[in-house]
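Trainee: Letter by letter, the chains look like this.
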Amino acid sequence: MASPPMHGDFEAQRHWMEITAHLPPKEWYWHDLQWWGLDYPPLTAYHSWLLGKIGSVINPAWFELYKSRTLDDYNLKVYMRATVVFSEYFTYIPGVIIYVRESGKRSEMSKYDQAIALAAILLQPALMLIDHGHFQYNGVMLGFTLLALCSFLKDRLLWGSFFFVLSLSFKQMGLYYSPAIFAYLLGLCVFPRINILQLLLIGITVIATFTIIFAPLLLSGGVSQISQCLFRVFPFARGLWEDKVANFWCALNIAVKFREIFAPATLQRVSLLATLAAILPPCSILFLYPKKHLLPLGLSACAWGFFLFSFQVHEKSVLLPLMPATLLLAGGLDRDTISWVTWVNTVSMFSMWPLLKRDGLALQYTVMTAFWAWLMGGKYRFPTNPISKLIHVGTYAGIGILHVAELLVPKERLSRYPDIWVVGNVVLCFGAFALMYLWTMTRLWKERTRLTGKRKRE
Amino acid sequence: MNPSLFECAVAATAFKLLLIPAYKSTDFEVHRNWLAITHSLPVSEWYYEVYSSTHLNSILRNPITDSRFPFTVLENLRMDPRLPPFFAAFEWALSQFARFFDPEMLKVENLNYSSIQTVYFQRLSVIATELLLVYALHLYIRTTGDAVRRCAHAAALSILFSPGLLVIDHIHFQYNGFLYGILFLSLILAQNRRTLLPSGILFAALLCFKHIYLYLAPAYFVYLLRAYCMDDSIFDIKFWNLAKLGGSVIAVFAAAFGPFVYMGQMGQVVARMFPFSRGLCHAYWAPNVWAIYSFADRVLILIAPKLGLSVNTSALSSATRGLVGDTSFAVLPDITPRTTFFLTLFFQLLSLIKLFLHPTPPVFLSSLTLCAYASFLFSWHVHEKAILLILLPLSLLVLSSRRFLSAFRPLAVAGHVSLFPLLFTPAEFPIKTVYTLLWLLVFLVAFDMLAPAAEGRSWLLDRFAQLYCIVAVPLVVYTSAVHQWVWGAKWEFVPMMFVSSYSALGVVGSWVGFMYLYFVA
Numbered sequence: 036m037a038s039p040p041m042h043g044d045f046e047a048q049r050h051w052m053e054i055t056a057h058l059p060p061k062e063w064y065w066h067d068l069q070w071w072g073l074d075y076p077p078l079t080a081y082h083s084w085l086l087g088k089i090g091s092v093i094n095p096a097w098f099e100l101y102k103s104r105t106l107d108d109y110n111l112k113v114y115m116r117a118t119v120v121f122s123e124y125f126t127y128i129p130g131v132i133i134y135v136r137e138s139g140k141r142s143e144m145s146k147y148d149q150a151i152a153l154a155a156i157l158l159q160p161a162l163m164l165i166d167h168g169h170f171q172y173n174g175v176m177l178g179f180t181l182l183a184l185c186s187f188l189k190d191r192l193l194w195g196s197f198f199f200v201l202s203l204s205f206k207q208m209g210l211y212y213s214p215a216i217f218a219y220l221l222g223l224c225v226f227p228r229i230n231i232l233q234l235l236l237i238g239i240t241v242i243a244t245f246t247i248i249f250a251p252l253l254l255s256g257g258v259s260q261i262s263q264c265l266f267r268v269f270p271f272a273r274g275l276w277e278d279k280v281a282n283f284w285c286a287l288n289i290a291v292k293f294r295e296i297f298a299p300a301t302l303q304r305v306s307l308l309a310t311l312a313a314i315l316p317p318c319s320i321l322f323l324y325p326k327k328h329l330l331p332l333g334l335s336a337c338a339w340g341f342f343l344f345s346f347q348v349h350e351k352s353v354l355l356p357l358m359p360a361t362l363l364l365a366g367g368l369d370r371d372t373i374s375w376v377t378w379v380n381t382v383s384m385f386s387m388w389p390l391l392k393r394d395g396l397a398l399q400y401t402v403m404t405a406f407w408a409w410l411m412g413g414k415y416r417f418p419t420n421p422i423s424k425l426i427h428v429g430t431y432a433g434i435g436i437l438h439v440a441e442l443l444v445p446k447e448r449l450s451r452y453p454d455i456w457v458v459g460n461v462v463l464c465f466g467a468f469a470l471m472y473l474w475t476m477t478r479l480w481k482e483r484t485r486l487t488g489k490r491k492r493e
Numbered sequence: 018m019n020p021s022l023f024e025c026a027v028a029a030t031a032f033k034l035l036l037i038p039a040y041k042s043t044d045f046e047v048h049r050n051w052l053a054i055t056h057s058l059p060v061s062e063w064y065y066e067v068y069s070s071t072h073l074n075s076i077l078r079n080p081i082t083d084s085r086f087p088f089t090v091l092e093n094l095r096m097d098p099r100l101p102p103f104f105a106a107f108e109w110a111l112s113q114f115a116r117f118f119d120p121e122m123l124k125v126e127n128l129n130y131s132s133i134q135t136v137y138f139q140r141l142s143v144i145a146t147e148l149l150l151v152y153a154l155h156l157y158i159r160t161t162g163d164a165v166r167r168c169a170h171a172a173a174l175s176i177l178f179s180p181g182l183l184v185i186d187h188i189h190f191q192y193n194g195f196l197y198g199i200l201f202l203s204l205i206l207a208q209n210r211r212t213l214l215p216s217g218i219l220f221a222a223l224l225c226f227k228h229i230y231l232y233l234a235p236a237y238f239v240y241l242l243r244a245y246c247m248d249d250s251i252f253d254i255k256f257w258n259l260a261k262l263g264g265s266v267i268a269v270f271a272a273a274f275g276p277f278v279y280m281g282q283m284g285q286v287v288a289r290m291f292p293f294s295r296g297l298c299h300a301y302w303a304p305n306v307w308a309i310y311s312f313a314d315r316v317l318i319l320i321a322p323k324l325g326l327s328v329n330t331s332a333l334s335s336a337t338r339g340l341v342g343d344t345s346f347a348v349l350p351d352i353t354p355r356t357t358f359f360l361t362l363f364f365q366l367l368s369l370i371k372l373f374l375h376p377t378p379p380v381f382l383s384s385l386t387l388c389a390y391a392s393f394l395f396s397w398h399v400h401e402k403a404i405l406l407i408l409l410p411l412s413l414l415v416l417s418s419r420r421f422l423s424a425f426r427p428l429a430v431a432g433h434v435s436l437f438p439l440l441f442t443p444a445e446f447p448i449k450t451v452y453t454l455l456w457l458l459v460f461l462v463a464f465d466m467l468a469p470a471a472e473g474r475s476w477l478l479d480r481f482a483q484l485y486c487i488v489a490v491p492l493v494v495y496t497s498a499v500h501q502w503v504w505g506a507k508w509e510f511v512p513m514m515f516v517s518s519y520s521a522l523g524v525v526g527s528w529v530g531f532m533y534l535y536f537v538a
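Keeping their order, the protein sequence lines are chains A and B.
Using the working numbering, read the first sequence as starting at 36 and increasing by one per residue.
Using the working numbering, read the second sequence as starting at 18 and increasing by one per residue.
Just so you know, these hints were derived from the structure itself, not from any lab.
Keep in mind that the hints are not guaranteed to be accurate.
[Said to hold, decoys possible] Per label pair, the in silico range of CB-to-CB distance:
id, chain 1, residue 1, chain 2, residue 2, range
1, B, Met-280, A, Ala-397, 58 to 64 Å
2, B, Leu-148, A, Gly-412, 17 to 23 Å
3, B, Pro-447, A, Ala-440, 35 to 41 Å
4, A, Ala-397, B, Thr-442, 50 to 56 Å
5, B, Leu-458, A, Tyr-109, 29 to 35 Å
6, B, Pro-447, A, Ala-397, 20 to 26 Å
7, B, Leu-148, A, Tyr-109, 30 to 36 Å
8, A, Val-444, B, His-400, 48 to 54 Å
9, B, Ala-470, A, Val-92, 49 to 55 Å
10, A, Tyr-109, B, His-400, 23 to 29 Å
11, A, Ile-455, B, Pro-120, 28 to 34 Å
[Claimed, not checked] In the DSBU-like style, the derived pairs of lysine-lysine whose C-alpha atoms are separated by at most 35 Å in a straight line are:
id, chain 1, residue 1, chain 2, residue 2
12, B, Lys-507, A, Lys-102
13, A, Lys-112, A, Lys-88
14, A, Lys-392, A, Lys-189
15, B, Lys-124, B, Lys-261
16, A, Lys-392, A, Lys-446
17, A, Lys-88, A, Lys-351
18, A, Lys-351, B, Lys-41
19, A, Lys-140, A, Lys-351
20, A, Lys-112, B, Lys-507
21, A, Lys-88, B, Lys-261
22, A, Lys-189, A, Lys-446
23, A, Lys-279, A, Lys-292
24, B, Lys-41, A, Lys-446
25, A, Lys-392, B, Lys-124
26, A, Lys-112, A, Lys-140
27, A, Lys-102, A, Lys-61
28, A, Lys-327, A, Lys-146
29, A, Lys-140, A, Lys-327
30, A, Lys-292, A, Lys-446
31, A, Lys-112, A, Lys-292
32, A, Lys-392, A, Lys-102
33, A, Lys-292, A, Lys-351
34, A, Lys-446, B, Lys-507
35, B, Lys-124, B, Lys-41
36, B, Lys-41, A, Lys-112
37, A, Lys-61, A, Lys-351
38, A, Lys-88, B, Lys-507
39, A, Lys-392, B, Lys-41
40, A, Lys-279, A, Lys-446
In this text the structure is predicted, and so the values were computed from the model without any measurement.
Even for Gly, the Cβ is constructed at its ideal location relative to N, Cα and C.
Please construct the entire structure, taking both the sequences and the accompanying hints into account.
Mentor: Structural data, given as structure tokens:
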């Protein structure tokens, strides 16, 4: 991918490679927390350690302790970007390929259709731009979750749990999926008949995997390491949200400045309750009907619930509900699926536009989003239901208008409302995401009694 | 037809748009400079050296150098137009639009000016002008008979996605796309007896855009003479056609060069267009016969003492990089421009004889390609980019028979690999290798499935060709990564020498195969 300016996340990842490669594990979560302290679970730390070691062999100056901060070397950038590509190849891409094949077989999709679904999922602009443009390793976390899903598709529950724990230990954002996965596994152990043994085995697998992951930390520094790690990973001290993101609280805040009215503790409690209310429906359905074709829908709805109502949500977190939603393509290439998946991907890209613009990725944003939408498009762009069609057309029109307005309206006119485009973005995307949540729930409800997810190709 | 030309053009354009921020060579500044010159200066000063040493010094202060090509900058100091007048007019036309992007780029003093608007404008102009090539390919598919339409479609797609054009035009930065569009339009017109005159006119115009197409001119000359002016028999000369052809070609040249003849600048223009003071080989050896010759010379330097051959010691130091200036050889005899000219002419004449006797469109296309081969292999100071002159027209021929495909494969691999050294930055490495590899896989397999079976294929030669293609992979890996790792900065000319010699083998081998097929089949 091209090399736009990278600071923020790039320097953070580089710094973590620096400290893990040079310092003993017991200092990883304590070292100079003001300068990009490590705030992901241990698997990221091990991953950074490996990459730091390899990188130091190629050029020790890249990861020299203290001296290499804000290093902007061209070859370093190429190396780092290469690590993202390689990490993805080991986790995300195998996951997608296997998932499409398994799901495609179950839904009786032709090989040709499977290939189309595979290409569409792999070319998803959101993940590509965030991981390879903005610089992150979300592909690894999503990859592990995908591998877990593949295992579930093949009825290998223990392997599935193992992979999912790996995903959680890589990035705690994977927790967005955990209630759904938990409900699914529990459902499998309860219906059609109660299977305590399986439940126990799953529990043991989970605990064992966590133990293996945290073992190096535990051995090097004791329980305080674990608590510090958890403290870094779950920063409850931060507020309800940081930047403008398309979730419920941000959107509500435009009308009612409730951040100033209520105390942080109250807000946290309300947010928790709202999130629970949002994830309860999909999880209950997954629990009562633990069927394979419902998995992506359940995961997606659960993740939307978190995204819309939880706190400290970044706009990049939209990748989480987005991935299972895009996986629906592997369940059938009918008009409804294609149109809604295309729509939600396009809207998600738009929701990340302020971030991408700041990163200097405007060209890539435009080309990838337009190209992917064109690839998916044609007459499948809009669903058959007239109301849905209206929603889609309206949203696309809204996006177009906001973009054009942002380009054409001079800044001087907006001195009173400097953030108006971001606000417009947030409102539009929140509305769209809420609708997507409802659509996913509707699909979940309708599909719950079907045996397979086979859908008619149009 | 799936996928359609339009869909592929959209996908290709999306990819090229994403490549806008990629590496650009000094050619970018050269073209920007021409935009500025044609826009800001009167025509009488376009080809004149108006710059003093201060201009040269300021460029030297900010050169874009690569330690492997210390002399690339020196060559490009001559940033004033080196192409015929139609191209200058083309730059002038572009400059009218450039005004809206960034007027600063049109100021002659703004050397190495590359604001983001300049980059966008120049790259977008390459993409936009390439649409002419897309149109030509579209016409090509439409005008082929139904029986071979699938093959034509595949060939057209292979040209649209050509890695050569991608590397040269969209990354390294040049304007070859639309020029090949004009060439293909001319070739399409040449397929039909009734449109031979427009074909000739278009080709004459093309020559006035970039004179590298002179490599192909003999084929055009002979074909048009024989098919248009001496239609049925050699003795029945159609003087009216001859007059029309001659007159229109002269008119085209007059339109291009007339103003400069009038101003008495023809000497300058010609000197710019044909810089013979440069050496036999470019800074990086184009994969032709002289590359093999240089390589052999280099090997002989090492073993000459043992064989008792005399070594020209003064040549030892200068022959290290094939510089600007004359290349002298240490052991083998020196080559003069005259030698190269006669060799080129000889091999071109061989193919032209058959064309004269059988002036049909397929023979024309084949002899055109053979002329390009001969010029590429034997001419003076050939650029590696000229390989496209062989590759692209040959793509139109490949699917007529499986034996052609066998001759094409080594060329496809060698030609594209030889272009790799043009992009030496690490970030572009995955792009050029993965894209070329994908293209080779997709199209060589597709061609394999589409080409009609033929008799008389040599099993042995096929295996050699396969082996040759496979060796390309470790070679690229070695020259790009391993050599630097193992030897560091020592012997840094070795990887390029390997690539050049290896590619030259492929080109020569492919040429021999093709010559054989041309005369026998």
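Trainee: Taking the earlier hints as the rules, which of them does this structure contradict?
Mentor: Violated hints: 1, 4, 14, 15, 21, 22, 26, 31, 34; rest satisfied.
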